[in-house]
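Chemist: My numbering puts the first residue of the sequence shown at 1, with every later residue one more than the last.
In case anyone wonders, no lab produced these hints; they're calculated from the structure.
Heads up, some of the hints might be wrong.
[Unchecked claim] Estimated spans, in silico, between C-beta atoms of each pair: (1) D64 - V177: 30 to 36 angstroms; (2) E224 - N5: 22 to 28 angstroms; (3) I14 - V129: 20 to 26 angstroms; (4) A117 - N36: 30 to 36 angstroms; (5) Y10 - T132: 24 to 30 angstroms; (6) P13 - D180: 42 to 48 angstroms; (7) E224 - S92: 45 to 51 angstroms; (8) A117 - L50: 26 to 32 angstroms.
Built from N, CA and C at the ideal position, the CB exists for glycine as well.
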Amino acid sequence: MLEVNNINVYYGPIHAIKGVSFTVNEGEIVSLIGANGAGKSTILKTVSGLLRTKTGGITFMGEDISSAKAHKLVHKGLAQVPEGRRIFLRMSVRENLEMGAYTQHEVTHANLDDVYARFPILKERSRQVAGTLSGGEQQMLAMGRAMMSHPKLLMLDEPSMGLAPILVEQVFDIIRVFHDMGTTILLVEQNASMALAHADRAYVLETGRVTLSGTGAELASSEEIKKAYLGG
Numbered sequence: 001m002l003e004v005n006n007i008n009v010y011y012g013p014i015h016a017i018k019g020v021s022f023t024v025n026e027g028e029i030v031s032l033i034g035a036n037g038a039g040k041s042t043i044l045k046t047v048s049g050l051l052r053t054k055t056g057g058i059t060f061m062g063e064d065i066s067s068a069k070a071h072k073l074v075h076k077g078l079a080q081v082p083e084g085r086r087i088f089l090r091m092s093v094r095e096n097l098e099m100g101a102y103t104q105h106e107v108t109h110a111n112l113d114d115v116y117a118r119f120p121i122l123k124e125r126s127r128q129v130a131g132t133l134s135g136g137e138q139q140m141l142a143m144g145r146a147m148m149s150h151p152k153l154l155m156l157d158e159p160s161m162g163l164a165p166i167l168v169e170q171v172f173d174i175i176r177v178f179h180d181m182g183t184t185i186l187l188v189e190q191n192a193s194m195a196l197a198h199a200d201r202a203y204v205l206e207t208g209r210v211t212l213s214g215t216g217a218e219l220a221s222s223e224e225i226k227k228a229y230l231g232g
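Whole structure, please, built from the sequences with the hints as guidance.
Modeler: Next comes the structure, spelled out in structure tokens:
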């Protein structure tokens with residue numbers, strides 16, 4: 001579904017991503033793990049058209065999207081839940097969800113009902129101003145908003161950041177539900193233990209390079225990974 005081939009991304013003179021390649025097959029959960037500053041979020045921004053690679057290319061559903069604009073990619077079935085959630089704080093919960101469906105011809109009650117079924121608290125607070133929600137509720141809203149576009153590939157950037165442990169488990173339960181619904185998922189996450197527990201495959205990033213890859217189970221059992229990321 002997604003093929004990233006030898007991308008090199010710069011912030012001015014800073015070489016942030018260095019020859020990174022990876023694939024995401026249809027129906028998979030693929031995780032990118034690594035320390036803060038390893039380049040995980042930069043990769044997602046490049047895939048979603050917010051940044052450009054100097055070399056290589058990015059293919060989505062067999063089409064080269066290396067130069068595609070971000071809003072065009074949403075129409076093609078690629079959605080991203082950004083780090084920090086980035087909800088519209090002064091709009092209501094329902095208005096935020098409706099913004100997620102701008103690629104659809106119309107926002108049907110079925111669209112909203114499906115999200116409300118996954119996130120009952122959002123239905124209860126549909127008229128509430130989004131900025132007054134708790135951090136966990138805002139994360140649910142960001143995920144629900146992304147699902148309103150019916151993405152083929154959902155990219156999640158640090159969905160557990162800043163959340164209490166019990167909410168982290170809820171977020172990953174929701175990720176699993178989305179996956180069971182048929183959504184392919186590319187997950188960027190600092191919580192390596194949770195990411196590897198849910199991933200079919202994973203890639204480890206260090207200072208802009210992929211240093212290890214394998215199944216979630218293989219990497220979770222790796223002594224190197226245990227020492228670096230799992231506190232082993």
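Chemist: Next step is simple, just say for each hint if it's right about the structure.
Modeler: Going down the list of hints, with the structure as the test:
1. D64 - V177: 30 to 36 angstroms: 32 angstroms, holds
2. E224 - N5: 22 to 28 angstroms: Given a distance of about 26 angstroms, which is inside 22 to 28 angstroms, the answer is holds.
3. I14 - V129: 20 to 26 angstroms: 38 angstroms, violated
4. A117 - N36: 30 to 36 angstroms: The hint (30 to 36 angstroms, Cβ to Cβ) holds, given that A117 and N36 are roughly 35 angstroms apart.
5. Y10 - T132: 24 to 30 angstroms: 39 angstroms, violated
6. P13 - D180: 42 to 48 angstroms: 44 angstroms, holds
7. E224 - S92: 45 to 51 angstroms: Holds: the Cβ-Cβ distance is about 47 angstroms, inside 45 to 51 angstroms.
8. A117 - L50: 26 to 32 angstroms: Given about 31 angstroms between the Cβ atoms, the range holds.
Checked against the numbered hints above, the structure violates hints 3 and 5; every other hint is satisfied.
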